[in-house]
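Chains as they are written, first to last, in this note's numbering: chain A, 1433 to 1551; chain B, 9 to 147.
Rather than coming from a laboratory, the hints here were simulated on the basis of the structure. Worth double-checking, as some hints may not be accurate.
What the hints assert, rightly or not - For lysine-lysine, the following DSS-like pairs were computed, each having C-alpha atoms within a straight-line distance of at most 27 angstroms:
#	chain 1	residue 1	chain 2	residue 2
1	A	K1535	A	K1510
2	B	K122	A	K1535
3	A	K1511	A	K1474
4	B	K143	A	K1532
5	A	K1532	B	K122
6	A	K1532	A	K1511
7	B	K145	A	K1532
8	A	K1510	A	K1474
9	A	K1535	A	K1548
10	A	K1510	A	K1548
11	B	K143	B	K122
12	B	K145	B	K122
Please read all numbers here as calculations on a predicted model, not as lab measurements.
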Amino acid sequence: MANDSSRLRISAVNDVVRIDFVDRDILDEATIRQIGQDIQRKLEPMTAPKVLMCFGVVEHLSSAALGTLITVNSLVKKKGGTLRLAEIRPEILEVFYITKLNKHFSIDESAEAALKALA
Amino acid sequence: MPARIEGHAILRGPRAEIDASQTAVEQAMAQHGYGREALFAVRLALEEALVNAIRHGNRHVPDGQVDFRWSVDGDEARFDVRDQGEGFDPDAVPDPTEDDNLEIPSGRGIMLMKAYMSEVEYRDPGNHLAMVYRKSKGA
């Protein structure tokens, strides 16, 4: 178990890096920047990382947070890895559909389903 | 039903100022019976509006301020956000939903405001944003 940031809970599930957000709101720019840096630092030394990001507690996120997710996805793809998002509340999921980012990300209803897809 | 509730704040940038304004708006809307869907929509749109004004609108304005005025009654919530920058052309912002633009990390704020609010208007020269949320739009 690694705990790189107070805003994230990062753990290993077999060969998958599981990242759980711990805050209800992902809005503050400084926090979002910190989240991006923490994830980047975790993934930087890895090859073809399998990454699961869980949004179970997240109630609000901003376009800046979406930007960080896109940046993380680009990094994971560049490394030949896979990123899946899971446990997204319906209101937040709607944001992904409005921005058509549902086409850009692989999204699963549950962490279990995502882990199965990443296996 | 309570009378119309109004608020005004000068925002200079610290997160706490945005949070305080958001909380005041949320409480006024709750008093007027707006539901969870409405609160989510307005919070998201206001977040984008205020952060855009502070970070982008006032980017080249030393010690810039954002003037934020709002009012809430039983039918609608109105918001005016003015920064001190030169403004911009919102129509010149690329459509972030185009396939070629999906991987660009920025540029989604305006479209989210338009999606969640009943009216969104940038007034000339683009440094004054007026938004309306009508209760009939959501809960």
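Okay, the hints, checked on the actual structure:
no.	hint	in the structure
1	A:K1535 x A:K1510	holds, 18 angstroms
2	B:K122 x A:K1535	holds, 20 angstroms
3	A:K1511 x A:K1474	holds, 13 angstroms
4	B:K143 x A:K1532	holds, 26 angstroms
5	A:K1532 x B:K122	holds, 15 angstroms
6	A:K1532 x A:K1511	holds, 24 angstroms
7	B:K145 x A:K1532	holds, 22 angstroms
8	A:K1510 x A:K1474	holds, 15 angstroms
9	A:K1535 x A:K1548	holds, 20 angstroms
10	A:K1510 x A:K1548	holds, 22 angstroms
11	B:K143 x B:K122	holds, 16 angstroms
12	B:K145 x B:K122	holds, 13 angstroms
Of the numbered hints listed earlier, not one is contradicted by the structure.
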